[in-house]
Amino acid sequence: MSDKKEYRGSIHQQQKNLMLAWYDQLDRAANTGDPPTVSMMISGNCVELLEGFGAVPIYPEVNALQLAIRHQSLDPILAAEDLGYAADNCAYVKADIGCILKGITPTGGKLPTPTLILCNFVGCNTYLKWFEHTAKLQKAPLYVIDVPFMRADTPSRSDVEYVVKQLQETVKKLEQLTGRKFDHDRFRQAVECSSRSEELWSQIKHLARRSPSPFDAYFDAITLMGPLYVYRARPEGVEFFEAALAELQAKSDAGKGVYEQEHFRLVMEGPPPYPYFRTFRDMFAKWQACAVASTYSTVGGLWEFGFRHDPDKPFESVAMHMIAQNVTNRNFLQRYEQIRRYVEDWNADGVIIHFVKSCRLFSAGQGDMRDYFTKQLGVPTLYIESDLEDPRYFAEAQTKNRIDAFFEALEHAKATAPVRA
Amino acid sequence: MYFFERSFDRCSDLGFPSVRKWKEQHPGGQVIAYFPVYAPVELIHAAGMLPVGLSGAGDRLDIQHADARFGSFICSIVKTTLEMGLTGHLEPFDGFLFSTICDSARNLCFVMKRNFPSMYVDFLHLPHNPSSPAATQFLAEEYRRVLGELERLGNCKVNDDALACSIALYNRNRALIRELYELRRRSPELVPTSELYQLIRCGNFLPVEEHTTELEQALTHFPSRNAKKRDSIRIVVEGSFCEQPPLPLIRLIEEAGCYIVDDDFVIGQNWFDSDIPTDGDPLLALACSYLDRSVYSSVRHDFRKPRWEGLVEKVRRSKADAVLFLIAKFCEPAYFDYVPYKQELEGAGIPHLPLEFEEKSFTFDRLRTEIETFVESLIFD
Ligand code: SF4
Ligand code: SF4
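Listed in order, the protein sequences are those of chains B and E.
Residue numbering for the first sequence follows my numbering, starting at 1 and increasing by one per position.
Residue numbering for the second sequence follows my numbering, starting at 1 and increasing by one per position.
None of these hints come from the bench; they were simulated from the model.
Treat the hints with care, since some could be wrong.
[As the list claims (entries may be wrong)] One-sided and incomplete, this derived list gives chain B residues near chain E with beta-carbon spacing under 10 angstroms:
| no. | residue |
| --- | --- |
| 1 | P35 |
| 2 | C90 |
| 3 | A135 |
| 4 | K136 |
| 5 | L142 |
| 6 | V144 |
| 7 | T154 |
| 8 | E169 |
| 9 | F277 |
| 10 | R278 |
| 11 | Q334 |
| 12 | Y336 |
From the three backbone atoms N, C-alpha and C, an ideal C-beta is built for every residue, glycine too.
So that you can see chain B by itself, here it is in the shape it has in the complex (with noise of 0.2 angstroms):
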């Protein structure tokens, strides 16, 4: 019953032109020095404070990721770990620096060497010794914005005074290393432009609560979230949104979903196994099983239940997105919290916990967090390890088999259970 229904409609070739579109500009920068790029993390990144300096984004994690995808991530990882880099260091930071080491890059272009490297230290304590690392190897000039973790429900006053001051001495930092005068008009454009990307893709994201979901909200989503990392602030990421949504919402008004049928709906926590994206996807897709959220999709920002920048107070929604809304720098309960408004409000079957070896971040204590689904609220619930970069730790028979059974005893349960109201 292998039914394989990736979505593929004109937006995924937008998409590809806009990375590719991207790559280009790193590479031009790589040649002529323009335009000035920042190095920063995917997590709550602040990549609308660059478009007030017509600086481009660099995320080492995109490559990264884009490497093991096509498998081309051992031979970077095994060059690290010749440099002493431990088995069990986060396999990401180890594929990006031995890409330094050997120049390889996803594209095949340049990569410049940062004009900023820009910690914008947002949870993982693994960004601070990444950035530092790089920017020993690279000779770059590197700032850290010390982003406070999310120890309370919501973040002080205190808290967000302090990023915004961080953020006001990373323009500082920018003008020098630049020699251009930070554009505040076009930070408030940047800014205005991402509200309006965040709502389109919040509208996405909501998409898939209906029944059937018209795409998958972690292996399609994964597709989508490079333009939001990259173009969010810029008009190219409105219009790439607008069209994005347009395309989902007419396929769920014909009623087509990402399966003939959809037979399990899933919430999915963890970062994929990118060396083994495929062959993982189909695993599910076998079973018709069609994630409707995932965490993984909120790494960037958290906007579906309702966060947008706002252009009246740039600085300070910046900082609020750093610190409050991305998976990342929010804590491991209100990860808890957040998964089971998706088991009710997206009307979930169940949920794959997928335990990344590199990523202690996601993956620490995700015992307790299966310990707190099943036996707490009573929640299906499937365990699986691997890695997301690293292909040494993929037992695919095992994966397959775990995967098979959940579904098999997940069937039985839908067939014997009373019908829901």
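Since the structure of chain B is already known, use the hints to place chain E with the ligands on it.
Okay, now just chain E with the ligands, sitting in the frame of chain B:
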């Protein structure tokens, strides 16, 4: 048996006799545990509570429940800490403070919060951008927030005088530790690290006043002992800042022919390179000191001054011949830092040996061989 060995034994007992004794002596008194590495113990002390540095359960607890909660690739201390909770060992504690050291420990904080809802569990955000002038104010506010929680918990009000008083007590304690470290650098034969380690680690548990008395006693005891200089190499141990190596492993390193002349064991006890000012606003003083008087550590980031420079300085200051990395298995901050440390040491011509341990290990044959080979290679080089 020396006095500090007796104290160390008491502090290693998972029945926590020293904590229970304190509670008996202070009816209604509360005890706040903190997870490594650093915690502003002065706040807890000033609130009339006992701060306890709880660094794992060593080999004294079988992990039966925590493995299922934390899974593979996670260090032992995270699991033994949770296991202590799930098996009722943490009953004498009223609160638990965590901080921004790594992702595993941070997630543990919130897992603890869910599993022990009657306990006060808090997470302290220690800044990673000391270059920002805004960091001091932020951290002072963060300390104020935590202090507010402690006041609520203890139903008390803490004033500046009480804080200044606590700071002075801990200043004295830390100054004595610095003196002991200095003495060991000068005359390592007088201060075996396996002993100094026990002495310092007791400070995690004992009330500061009591611990300070033990440090004072040690400072008269060590110099007066009759010890012959051995033919040993001088090494710095780096990487054991959080999960602690088993005591027999430290002994083994010494027996293999090493004088440990500096280390980062229980480094929270030895966090500042000079006293915290006791005049002015105490919370600001604590905050400024964290940002500008802290020693370097793999869990504190200050891009104004890289940690690897700190390590090389430490080696030079202690006239060490080599560095031994003693890294807890699955400790990601230590794994990461190993690379730039290694590069810097190689650049400076300082030999090193990387080793891994788990707090619960009890056989060290392989490690012994590696250390002995390393020592021989240095002696006969
Ligand atoms: S640890 Fe996780 S969040 Fe951090 S860089 Fe690695 S994969 Fe990303
Ligand atoms: S031993 Fe290392 S990884 Fe484990 S909690 Fe401590 S700092 Fe984190």
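Status of each hint after checking the structure:
1. P35: Status violated, d = 25 angstroms.
2. C90: holds (7 angstroms)
3. A135: holds (8 angstroms)
4. K136: holds (6 angstroms)
5. L142: With Cβ-Cβ at 5 angstroms, under 10 angstroms, it holds.
6. V144: holds (5 angstroms)
7. T154: At 13 angstroms from the nearest chain E Cβ, T154(B) fails the 10 angstroms test, so the hint is violated.
8. E169: holds (6 angstroms)
9. F277: violated (21 angstroms)
10. R278: It is violated, given that the least Cβ distance between R278(B) and chain E is near 25 angstroms, above 10 angstroms.
11. Q334: Where the cut-off is 10 angstroms and the nearest Cβ of chain E is about 8 angstroms from Q334(B), the hint holds.
12. Y336: holds (8 angstroms)
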